[in-house]
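Asker: Sequence lines, in order, name chains A and B. Each residue of the first sequence is one higher than the one before, counting from 126 in our numbering. Each residue of the second sequence is one higher than the one before, counting from 126 in our numbering.
Among the hints, erroneous ones may be present.
One copy or two, either will do: identical chains are not told apart, so a pair holds if it fits within one copy or between any two.
Simulated crosslink set (PhoX-like; lysine-lysine; CA at most 25 Å straight-line) [to be verified]:
1) K158 - K252
2) K208 - K158
3) K318 - K208
4) K205 - K291
Simulated from the structure, these hints should not be mistaken for lab results. Everything numeric in this text was worked out from a predicted model, so none of it was measured.
There are 2 protein chains.
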Amino acid sequence: MIGDLNLKQSIGSRTFAFPTPAWVVGTYDSEGKPNVMTAAWGGICCSKPPCVYVSLRKATYTHGNIVSRRAFTINIASEKYVKEVDYFGIVSGRDVEKFSISGLTPIKSSVVDAPYVDEFLLVLECKVLRIVELGLHTQFVGEIMDVKADPSVLTENGVPDITKVKPIIFAPGNRRYYRVGSCLEQAFSIGKKLQSNQL
Amino acid sequence: MIGDLNLKQSIGSRTFAFPTPAWVVGTYDSEGKPNVMTAAWGGICCSKPPCVYVSLRKATYTHGNIVSRRAFTINIASEKYVKEVDYFGIVSGRDVEKFSISGLTPIKSSVVDAPYVDEFLLVLECKVLRIVELGLHTQFVGEIMDVKADPSVLTENGVPDITKVKPIIFAPGNRRYYRVGSCLEQAFSIGKKLQSNQL
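Build the full structure now, drawing on both the sequences and the hints.
Answerer: Okay, here's the thing in structure tokens:
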């Protein structure tokens, strides 16, 4: 162990990680007005029970909505809605009706107390399981009560196909949105080639 | 509000969300042996302090390592290491020395008690800030103490460029790895076009 031969550079204590999502969080406010906001600090965090989280600043309108309604949806937009996704991250539901202005359609979830975006092809409906205060952001862990998908994005095995959903990737750093590219390999498969080295 | 016109299909309470990462988690075991494992349940979860998490099953070797060492690294592999990344998710450090078999090089972090992968171009060095038990998975929230990057992946502004890092995306469902594709738009910018609708 003679130190980093590749001479990496320290770039500080910052949130640089790839990929991060650009997910649209759907909630109702105290008067039942549907709202959406975009969040990049989100991910799957447990398989059983199936859980997903989003981390939000207390200042956001969505933060208060989730605290009071104990529910939210994760709406995965396709590339063609990148303008709407970005807009949902720029303005606050405190000031504007984002659904009306974007022309998108809120649908009341049948399983949780939150709306989802009709036009988006993959939606996770979540009940709050845990609220973790971390600092500037609060992490809302939601149990995924159901996933709704447009039939057009499902494979013959009934699972969503990322190349049909065409989700948006957010890149911290240069703060740009990217497409998902081509398939590299099948997981839990290509790595087996290295197992022969174990012998 | 007349119900979902697009007739989405219920596909159950499952962890279907895009994108998820394929991150390599670096740790030391109780005897100081460096280990790596691949995790797709991970993400940024706070901006101040800067935090990232990975969720791991208790059965994994890495789970015990993080509990005892209170530190880990997140290593973001480039596409060309997809075979190694997959391998690190197939076998356990309890049984094999994954660094030796893959031929990759562990470097001791100077800021946390964990090793990182020399050959990977972007590395986050983390101290455990919070351990959240969710069910099958334990969520390890780490404070990002420093980020190390190969100078070749930095933009002129000193931030990592996703198109140079070429991270791997994991897709739950069909369980395949994907590339990052082309740039769609600049964030916090394209959405402003919709603001004129507010008037």
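Asker: Need the list of violated hint numbers for this structure, in ascending order.
Answerer: The structure breaks none of the hints.
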